[in-house]
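**Q** Chains A and B, in that order, are what the protein sequence lines are. Numbering follows full-length UniProt numbering, with no gaps: position 106 of the first sequence is 106. Numbering follows full-length UniProt numbering, with no gaps: position 54 of the second sequence is 54.
Misleading hints may appear alongside valid ones.
As the list claims (entries may be wrong) - Computed beta-carbon distance windows for the label pairs:
#: 1; chain 1: A; residue 1: Gln220; chain 2: B; residue 2: Leu117; range: 28 to 34 Å
#: 2; chain 1: A; residue 1: Trp194; chain 2: B; residue 2: Glu108; range: 51 to 57 Å
#: 3; chain 1: A; residue 1: Gln226; chain 2: B; residue 2: Glu69; range: 47 to 53 Å
#: 4; chain 1: A; residue 1: His152; chain 2: B; residue 2: Glu102; range: 43 to 49 Å
#: 5; chain 1: A; residue 1: Met158; chain 2: B; residue 2: Glu108; range: 51 to 57 Å
#: 6; chain 1: A; residue 1: Cys213; chain 2: B; residue 2: Lys81; range: 36 to 42 Å
#: 7; chain 1: B; residue 1: Asp24; chain 2: A; residue 2: Gln226; range: 24 to 30 Å
#: 8; chain 1: B; residue 1: Gly62; chain 2: A; residue 2: Asn185; range: 37 to 43 Å
#: 9; chain 1: B; residue 1: Gly62; chain 2: A; residue 2: Gln154; range: 34 to 40 Å
#: 10; chain 1: A; residue 1: Asn185; chain 2: B; residue 2: Arg23; range: 26 to 32 Å
#: 11; chain 1: A; residue 1: Asp211; chain 2: B; residue 2: Lys81; range: 39 to 45 Å
#: 12; chain 1: A; residue 1: Pro180; chain 2: B; residue 2: Gln88; range: 51 to 57 Å
Unchecked claim - Not the full set, but computed from the structure, chain B residues with beta-carbon under 7 Å of chain A:
#: 13; residue: Tyr3
#: 14; residue: Met4
#: 15; residue: Pro5
#: 16; residue: Ala8
#: 17; residue: Ile11
#: 18; residue: Ile14
#: 19; residue: Ser34
#: 20; residue: Gln37
#: 21; residue: His44
#: 22; residue: Lys106
To be verified - Not close to chain A: a few residues of chain B, all C-beta gaps over 10 Å, as computed:
#: 23; residue: Gly6
#: 24; residue: Ile50
#: 25; residue: His51
#: 26; residue: Glu98
#: 27; residue: Ala105
#: 28; residue: Lys113
#: 29; residue: Gly121
It should be emphasised that the hints constitute simulated quantities derived from the structure, not laboratory data. C-beta: ideal position from N, C-alpha, C; glycine also.
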Amino acid sequence: MKYLEGPEKSCSPLAPEEELVSASQLEEEEENENEEENLDPDLALDVEEEEEEEENSLGDPAVLTAVHNAQKGLLSSPGIKAPGVLGMSPTSLYFLCQTLDYLSPSPFRPTHASTSSPARHFGPRLLSPDPSLFCSSPTLQSPRFSHLTQLHPQHQRMLQLQQQSRTPSPPAKKPWSQQPDPYANLMTQKEKDWVIKVQMVQLQSENPSLDDCYYQKYYQKLEKRQADEELLGQRSKVESLKLVTPYIQKAEAYESVVRIEGSLGQVAVSTCFSPRRAIDAVPHGTQEPEIGATSSQRLRVLYWIEKMFLQLLEIEEGQKDGPSRPCYSEQQRNQVEKLFQSLNTPEQNHLDEAADGFLQVLSVRKGKALVARLLPFLPQDRAVSLLLAITHHLPLLVRRDAADQALQMLFQPLSKYINHLTFHELLQGLQGLMLLPPGSSERLVTAVLQNQFGISLLYALLSHGEKLVCLDSSLEESNSDHTVWTDIVILIAWEIAQMPATSLAEPLAFPSNLLPLFCRHVDKQLVQQLEATMQLAWIY
Amino acid sequence: MNYMPGTASLIEDIDKKHLVLLRDGRTLIGFLRSIDQFANLVLHQTVERIHVGKKYGDIPRGIFVVRGENVVLLGEIDLEKESDTPLQQVSIEEILEEQRVEQQAKLEAEKLKVQALKDRGLSIPRADTLDEY
Numbered sequence: 001m002k003y004l005e006g007p008e009k010s011c012s013p014l015a016p017e018e019e020l021v022s023a024s025q026l027e028e029e030e031e032n033e034n035e036e037e038n039l040d041p042d043l044a045l046d047v048e049e050e051e052e053e054e055e056n057s058l059g060d061p062a063v064l065t066a067v068h069n070a071q072k073g074l075l076s077s078p079g080i081k082a083p084g085v086l087g088m089s090p091t092s093l094y095f096l097c098q099t100l101d102y103l104s105p106s107p108f109r110p111t112h113a114s115t116s117s118p119a120r121h122f123g124p125r126l127l128s129p130d131p132s133l134f135c136s137s138p139t140l141q142s143p144r145f146s147h148l149t150q151l152h153p154q155h156q157r158m159l160q161l162q163q164q165s166r167t168p169s170p171p172a173k174k175p176w177s178q179q180p181d182p183y184a185n186l187m188t189q190k191e192k193d194w195v196i197k198v199q200m201v202q203l204q205s206e207n208p209s210l211d212d213c214y215y216q217k218y219y220q221k222l223e224k225r226q227a228d229e230e231l232l233g234q235r236s237k238v239e240s241l242k243l244v245t246p247y248i249q250k251a252e253a254y255e256s257v258v259r260i261e262g263s264l265g266q267v268a269v270s271t272c273f274s275p276r277r278a279i280d281a282v283p284h285g286t287q288e289p290e291i292g293a294t295s296s297q298r299l300r301v302l303y304w305i306e307k308m309f310l311q312l313l314e315i316e317e318g319q320k321d322g323p324s325r326p327c328y329s330e331q332q333r334n335q336v337e338k339l340f341q342s343l344n345t346p347e348q349n350h351l352d353e354a355a356d357g358f359l360q361v362l363s364v365r366k367g368k369a370l371v372a373r374l375l376p377f378l379p380q381d382r383a384v385s386l387l388l389a390i391t392h393h394l395p396l397l398v399r400r401d402a403a404d405q406a407l408q409m410l411f412q413p414l415s416k417y418i419n420h421l422t423f424h425e426l427l428q429g430l431q432g433l434m435l436l437p438p439g440s441s442e443r444l445v446t447a448v449l450q451n452q453f454g455i456s457l458l459y460a461l462l463s464h465g466e467k468l469v470c471l472d473s474s475l476e477e478s479n480s481d482h483t484v485w486t487d488i489v490i491l492i493a494w495e496i497a498q499m500p501a502t503s504l505a506e507p508l509a510f511p512s513n514l515l516p517l518f519c520r521h522v523d524k525q526l527v528q529q530l531e532a533t534m535q536l537a538w539i540y
Numbered sequence: 001m002n003y004m005p006g007t008a009s010l011i012e013d014i015d016k017k018h019l020v021l022l023r024d025g026r027t028l029i030g031f032l033r034s035i036d037q038f039a040n041l042v043l044h045q046t047v048e049r050i051h052v053g054k055k056y057g058d059i060p061r062g063i064f065v066v067r068g069e070n071v072v073l074l075g076e077i078d079l080e081k082e083s084d085t086p087l088q089q090v091s092i093e094e095i096l097e098e099q100r101v102e103q104q105a106k107l108e109a110e111k112l113k114v115q116a117l118k119d120r121g122l123s124i125p126r127a128d129t130l131d132e133y
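Bound-form chain A, shown alone (with noise of 0.2 Å):
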């Protein structure tokens, strides 16, 4: 009995399989399993039974539908004949079973069990046709990776020489001298492809610069290095593939869950189509959290912030696609212009004026880090009126960055703008500094010296300063702008030399035509003075 259901289950999942069969494999199938003596010994007989019989029916599926009928018809009556079948008896039927399941790699034969030939258990078929993999060409190093796949340089260096020994002889040999395997493309094409398509559904993105931008760069870096590869000596190109994800538009995707604010948990409300989604009663676009009166404005400003920030990587993407510095696009004009009116810089009119949001903003790190980045973009004016805001409250501002010390960042940026400065705009921002405040001995500029930011901001404005006097002999004139501009050099030289040296920071750039410019303003021994400590000081 256990024979007839041996067949019995072999028998369907073979159907599609045994068409593939060719004769010659079944009489090689034969002598293998006639080599190991694993052949029934009533079998023997009918291998001549089966090969002619096999020209008839393997071609057929219907056959084997009905010789499965059959077999069940063994069982109850051997006499029925099984419909379809041309002419064969019940017995023959059965036979032939018998041998489509040695046709099948039998599974399980723990009494065969040889050392000499461990691979014979998977049956006789092993190896999947693909012969590309075998042929490869010379001219590639690697055939079946990709630029991606990096191998160790040991394992590169076998797979060379297997490949330089495979290439001599490949009608000489054949790889692969089994045959083809019958259960190959159990996975259709079809099916693979399905696999792929929601693997890649599953990659897409709207912005893959932001999503995949390891892969991005890595990716531009490389065929710039092919680009340059091919200007300088190899001509072929080599084209390296890219994953391109599909982009699918994607269905719109409803919030099945409504949170209202103040409530605990779900709302108990559902419909047919959603079972947990309220009516519409959640407002719609951003949801400014209600702070209430115990919100600190600490809080909202790095909230706010925040926000900035995110316009400014906005504006910073939109840039890095396009076309370089002069041509904005009216729209990241408009963006730009935007950020700058929310950073609420004070006019220049009312510098005195609590310019107090963006104080607050230049106070955090982060802050910094977004005026900084922010300069680049600004149109002039603009620009110039954050240099001169931030020059007007230096003093403040090198106080609080006392913790920080991040004002440095925005010296590079800054120092681009100060020689658009005028005369008039310059000795403006100055002016501010030589106030003495009420009820401190101590002039603001002195805090504003100990500062490596402030220092270097100084002596910036002050190199401008000098500049455009040389430049403009009218300047020199003696009218109010010059007198005051005197008196400044002036009380900044002897606070310099006041103060000593090691308090006096380093500026981040000494410009050279500050010492001249003392030169002439104030007399011998306070430029000597001030050549000692100022020279000490760039020393440290």
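Given chain A, put chain B in place with the hints provided.
**A** Okay, now just chain B, sitting in the frame of chain A:
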């Protein structure tokens, strides 16, 4: 890699012989016939290989459907080099016996260790489920 450059995909491994290591420590060898997006595998003509020392034994298992999350790693087997191994194949009964002996030896050693620790007033908490994560 043709289909999805820049990613790792099992599509290229279909119909090839693979060695699959499962999370419970079993080693399966079979032809990879089908996959899906979770890396669930269908292995054909699968054999479970038990290694003890320099010996190994194969237990034929037929067709396996392995849930993707239980796979630690898998790799293609080079059919030409497959028999090129210093290991010695033995029968199933023998390898199972060897395995049992090895397990027993391990348990004994573990018991001694625990006893020794206990004598010194220390105890190691049972790490039964530590394998999982």
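**Q** A separate judgement is required for each hint: does it hold in the structure or not?
**A** Cross-check of the supplied hints:
The supplied range of 28 to 34 Å is broken by glutamine 220(A) and leucine 117(B), whose beta-carbon atoms lie about 58 Å from each other. At about 52 Å, the CB distance of tryptophan 194(A) to glutamate 108(B) agrees with the hint of 51 to 57 Å. A C-beta distance of roughly 39 Å is found between glutamine 226(A) and glutamate 69(B), which places it outside the suggested range of 47 to 53 Å. The supplied range of 43 to 49 Å is broken by histidine 152(A) and glutamate 102(B), whose beta-carbon atoms lie about 32 Å from each other.
Between methionine 158(A) and glutamate 108(B), the C-beta spacing of about 43 Å breaks the proposed range 51 to 57 Å. Cysteine 213(A) and lysine 81(B) have their C-beta atoms about 40 Å apart, which keeps the hinted 36 to 42 Å range intact. Between aspartate 24(B) and glutamine 226(A) the C-beta distance comes to about 46 Å, which lies outside the given range of 24 to 30 Å. Under the hint 37 to 43 Å, the C-beta atoms of glycine 62(B) and asparagine 185(A), about 20 Å apart, miss the expected range.
Roughly 38 Å separates the CB atoms of glycine 62(B) and glutamine 154(A), a value that falls within the hinted 34 to 40 Å. Take asparagine 185(A) and arginine 23(B): their Cβ atoms lie about 30 Å apart, and the range 26 to 32 Å holds. Distance hint check: the CB atoms of aspartate 211(A) and lysine 81(B) are about 41 Å apart, consistent with the given range 39 to 45 Å. Between proline 180(A) and glutamine 88(B) the beta carbons are some 32 Å apart, a value that contradicts the proposed interval 51 to 57 Å.
The beta carbon of tyrosine 3(B) comes within 5 Å of a beta carbon in chain A, closer than 7 Å, and the hint placing it at the interface holds. With 7 Å as the threshold, the beta carbon of methionine 4(B) comes within range of chain A, its nearest partner Cβ sitting at about 6 Å, so the hint holds. Contact between proline 5(B) and chain A, as hinted, is supported at the beta carbon level, the nearest pair being about 4 Å apart and thus within 7 Å. Look at alanine 8(B): its Cβ only gets to about 9 Å from chain A, farther than 7 Å, so that hint breaks.
A hinted interface residue such as isoleucine 11(B) counts as satisfied when its beta carbon comes closer than 7 Å to some beta carbon of chain A; here the least separation is about 5 Å, so the hint holds. With a cut of 7 Å, the hint placing isoleucine 14(B) at the interface with chain A holds, because the nearest CB-to-CB distance is about 6 Å. Because the beta carbon of serine 34(B) sits about 4 Å from the nearest beta carbon in chain A, less than 7 Å, this interface hint is met. About 4 Å separates the beta-carbon of glutamine 37(B) from the nearest beta-carbon of chain A, less than 7 Å, and the hint is met.
At its closest, the beta carbon of histidine 44(B) sits 6 Å from a beta carbon of chain A; the interface hint therefore holds under the 7 Å criterion. Among the interface hints, the one on lysine 106(B) is violated; its C-beta lies about 27 Å from the nearest C-beta in chain A, farther than the 7 Å criterion. The beta carbon of glycine 6(B) is not kept farther than 10 Å from every beta carbon of chain A, the shortest such distance being approximately 4 Å. The beta carbon of isoleucine 50(B) is kept farther than 10 Å from every beta carbon of chain A, the shortest such distance being approximately 14 Å.
Even its closest Cβ contact with chain A, about 14 Å, leaves histidine 51(B) beyond 10 Å, as expected for a residue assigned away from the interface. The claim that glutamate 98(B) is not at the interface with chain A holds, since no C-beta of that chain comes within 10 Å of its own (minimum 15 Å). Every CB of chain A lies more than 10 Å from the CB of alanine 105(B), the least distance being 26 Å, so the non-interface label holds. Under the 10 Å C-beta cut-off, the non-interface status given to lysine 113(B) relative to chain A holds; the minimum distance is some 37 Å.
Under the 10 Å C-beta cut-off, the non-interface status given to glycine 121(B) relative to chain A holds; the minimum distance is some 48 Å.
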